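Participant: Residue-level listing of the chains:
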Amino acid sequence: MRMLLFCCAGWLLLIGCYGIVVSRNLIHTVICLVVCQSSTYLILLGIGYRSGGTAPVFSDTSPSTVVDPVVQALCLTDVVVSATVIALFLALALQAHKQHGTVDPDELTSLRG
Amino acid sequence: MTAVIAVATVLTALAGTAVVFTHHPKRQALTLSMLGLMLTLVFVALQAPDVALSELGINALVVPMVILLVAEKIRARR
Amino acid sequence: MTTAQLTPVIVAVPLAVAAALAVVGRWLPRAVRDGVGLLTAAGAVALSALFIAATADTRLVEWVGGWRPVQGHSVGIVFVVDRLGASLALLVSALVLIALIYSTKYFEDVESHYHVLMLAFLGGMSGFALTGDLFDMFVFFELMGTAAYALTGYKVEEKAPVQAALNFGVVNSLGAYVTVVGIALIYARTGELGLAQVGDALHGEHADGLVVAAFVLIITGWLVKAAVAPFHFWLADAHAMAPAPVCTLFSGVMVVLGVYGAMRVYTVSFADVLPEPDVRRALLVVGVVTAVVGALMCFLQSHLKRMLAFSTIAHVGLFLCAAATLTPDGVGGAAAYVAGHAGIKAALFLCCGVLLNRFASVDEVHLHGRGRSLRLLTWLWMICGLALAGLPPFGTFTGKSLGEEALVASGYHWGPLLFVLVSAVTAGTVLRAGLRVFFGVGERVRHDDAPGPESENEEPETEHETRLAHTPIQMTAAIIMLMLGSLAVGVVPALATHVAEAGARFLDGADYIRQALTSASASPLEPESVTSWTEEGLLLSALSVLLAAIVAVASTHARQVTRGREIAPSFVRGIRAVHSGHVGDYVAWLLVGVAGIAALVGVPLT
Amino acid sequence: MSRRLRLAVFGLGAVLTGALLVIAFTGLPEFGTSHHPYGDRAVHTAVDEQKTSNAVSSVNFDQRAIDTMGEEFILFTAVIGTLVLLRELRREVEEGEVETELRRSPRGLSSTAYLTYAMLGVTTLTGLYVVAHGHLSPGGGFQGGVVLGTAIHLLYVGGGYRAIRKARPLHLYEIFDALGAGGFVVLGLAGAIVGGDLLANVLPLGALGDILSAGQVELLNALVGLEVASAVIVILARFLEQYAEVRIQGTAR
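Protein chains in written order, with this note's numbering: chain A, 641 to 753; chain B, 14 to 91; chain C, 720 to 1325; chain D, -19 to 233.
No lab work stands behind these hints, which were simulated from the structure alone.
Here the structure is a predicted model, which is why all the values come from computation and not from measurement.
Treat the hints with caution; some may be incorrect.
Stated by the list, open to error - Some chain D residues near chain B, calculated using beta-carbon distances under 7 Å:
1) Pro118
2) Gln123
3) Val126
4) Val212
5) Phe219
6) Gln222
7) Tyr223
Unchecked claim - Here are some chain D residues pointing at chain A (derived, C-beta under 10 Å):
8) His16
9) Glu29
10) Ser33
11) Thr57
12) Val59
13) Arg218
Cβ coordinates follow ideal geometry from the N, Cα and C atoms, glycine included.
All chains should be built: construct the whole structure from the sequences, respecting the hints.
Facilitator: Following this line, the structure appears as structure tokens:
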């Protein structure tokens, strides 16, 4: 089970990178970055899991074994923050499109050399 | 419980692969929200309700909405 | 409030002022906004100077939020500041202060957003330099990155490389995600996130596959920010597009923070478990490759800012080689070289800003001979070029000679040769550009066969306002201040000894762990006097200055530089083709880099 | 590099990095291991000492608060960056022109309008609940902020672009965004002045499970909720504007 979860996360990371490498549209590149980031959530929460544990919330019940709350805290803020960073990249893609009339990295050859 | 996690993880990996292989931005917004949903399921299975809630709100809703708007803007300008 | 408790405050205050400026910025006149920015940066300079004074013989340890360890374990985040970290924070604040002084006149109309982003950038960089927690370093790394992407796209200087900021963002974010994977692996193994706590937990363990992989993945993010080969492609693009004052922060200190972060992670957390020769070999190989590629690409550029960006990459390679010796002289020498180089490189970028403002172009061929009218700028540029080669009174000389000594002392006799050649080539290119632009030396070349990216359709910083007839005093003062800073680093008596002591304390990871986790005081250092004014140092620097002059004069006349494409050997054309500006290439090279460093460090297959 | 060469380089890098990851993953502890020292300490500190029912919020806003402050400011800087970049693009279309074109935007079915107005209240209430109970039940500033941020856009579904422009004066939300981030740091500095350490939890902790418990966690949740909600509104507004601009060029052509 361990190898399945973490290898799926590793697969997401590498397939996201593959998406960026072959992408012909800057929006597609930014979306593949989201795929890469989702692999980090899977790994973080995977190492925090405790079999038989429930969510680390004690408002109504007081569970005996709970899952690790620290990794959840690390993931939580990252998910929301990544939305605004992705919005910033999409704004940059819009600007690239305005300047060059295209969003295909292959045609944006202004940075050669 | 680990069976549910295993299935949800494999579905997430498939959803991620689907996002990478759809090349049209409009359709990609849809597959990205599918990936957001699958991730939400995995996080619920991994007993992480807080992260599942924010993942649902962000990757299933806000980001695909922004992508649709940007894709429309770029399509129209061409 | 003890001095230690002030360490997180130096991060919080600029962020608070940035938020305040964003709230009221709309109604404040430009002068007040500039004043508030300058005041905050000056406050940060004062605070970091206070930290330097306080870390003379100890480290400042502060558990944020008051979460001090109970029976040796804590839930909070620790800030551990030694003299090297404090001086980096000082360098960050000083460069932001001078960049803001320069920006008062450089930008015609600027909303409060610019000051907000600069202060957020200051907060992020000082946080990265001072924190002692791995995930906190990642958070400040992202904060630095986001402010940098926004500032890169803030005033699109040149139409051409607009997607440079996107390349910069995608590569840096990917590096950050790889780092988080590494942090997750180490957290799974040790159950800790702090540098000291991880080092304590790994004490005595043998390095298995997970530990080595975690180390490689964690330093990948920092090395991407340090623009070390093969992760360096984004730096030149980002520089070409970012406004000049922002470039001074990129080249002056942001890339250096990457090297500092990687060395800090190794010396505190992994020094005990990873064999030193393996890590030293990996860092040295990467450093040499970076220095050589940087110098070669710098020589081939005709776009001034890309040229300076590749010169920064070359110097980062030199810093990494000096620090990779893992000796007090080496780390101290790298620190002095960083300080000296930051002043000089920032001054050169600000000179580019003046040229761009005046002639709406930063292309060496395009500006041929047009810089004659700027008498003062001519001399500033030429002096900076010579200082880049390691001219004695400047900080670059101190750093270079200490670095060479350290490399020779640890048995790498090719060290001085690399240092001399790389600094000579980079300085020579800068001097060549100076001769061409300010003295009109060499034939006037028609523009169509100039290599490098099409940069003829540049707009000056602000298209619609009339170009400045004369260079405002604030801009020139900023340039001179930076050069004096670099000079001060070289001239301060016994600086070499202080810097070597700081290097020794930086390398003493076990003492860092002991002081961070228990409230013990730092162990005293045995004083050993070190000096950079040795005969070899002077001889080598004279040699590199001479070589630089030869490179400059020779290349102004040779035509093949301007037609680098056809005549240059296929190897050079290959290197140029690799720097393609396509984000897919950069990501492919990032993965190859991760694998390469892992191979160099040696991954045990158990 | 040509596409083929790029794929080759990527293939090499991906295979080797994948191998590195697999080697690392074999060294990981067993999945679902019960060895979580930091987690146990965090739960003990959260519930017993800090009286916070939701241990995740306690880690986020109390134990590792400077992490969240950093994330706050990443969000804040990204919003400012988006505004700066999209402001560059907005100059082409004058404000008035957007107004006139959109008055003619097709009115939604009245039943949809009524449904969205009803749902607007429910969604806003839910968002406020999620933010307010961040320290008790799963949720908090980040999640509630997203819900609140998207609530206003129900108006767009019901009343079209004109309705939403009236409902949200943009400059106000940009200020709210800065207020949320600034408030977080100011509270942290107040903690430094009163309690000596930055972001020290000096507020009364109350009893476990009470609405007024866990000291600063609740207040920080509210500030984060304010910031995330206004960030989502501002970003969506800027991109909606770009979309509205398209409609004008569409009609103008």
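Participant: Are the hints correct? Go through all of them and say.
Facilitator: Quick rundown of the hints versus the structure:
1. Pro118: 4 Å, holds
2. Gln123: 4 Å, holds
3. Val126: This hint holds: Val126(D) lies near chain B, its Cβ roughly 3 Å from the closest one there, short of 7 Å.
4. Val212: 6 Å, holds
5. Phe219: Hint on Phe219(D): holds, closest Cβ of chain B at ~4 Å, below 7 Å.
6. Gln222: 5 Å, holds
7. Tyr223: 5 Å, holds
8. His16: 4 Å, holds
9. Glu29: Interface hint status for Glu29(D): violated (13 Å vs cutoff 10 Å).
10. Ser33: 4 Å, holds
11. Thr57: 9 Å, holds
12. Val59: 6 Å, holds
13. Arg218: 8 Å, holds
When the structure is compared with the earlier hints, a violation turns up for hint 9 alone.
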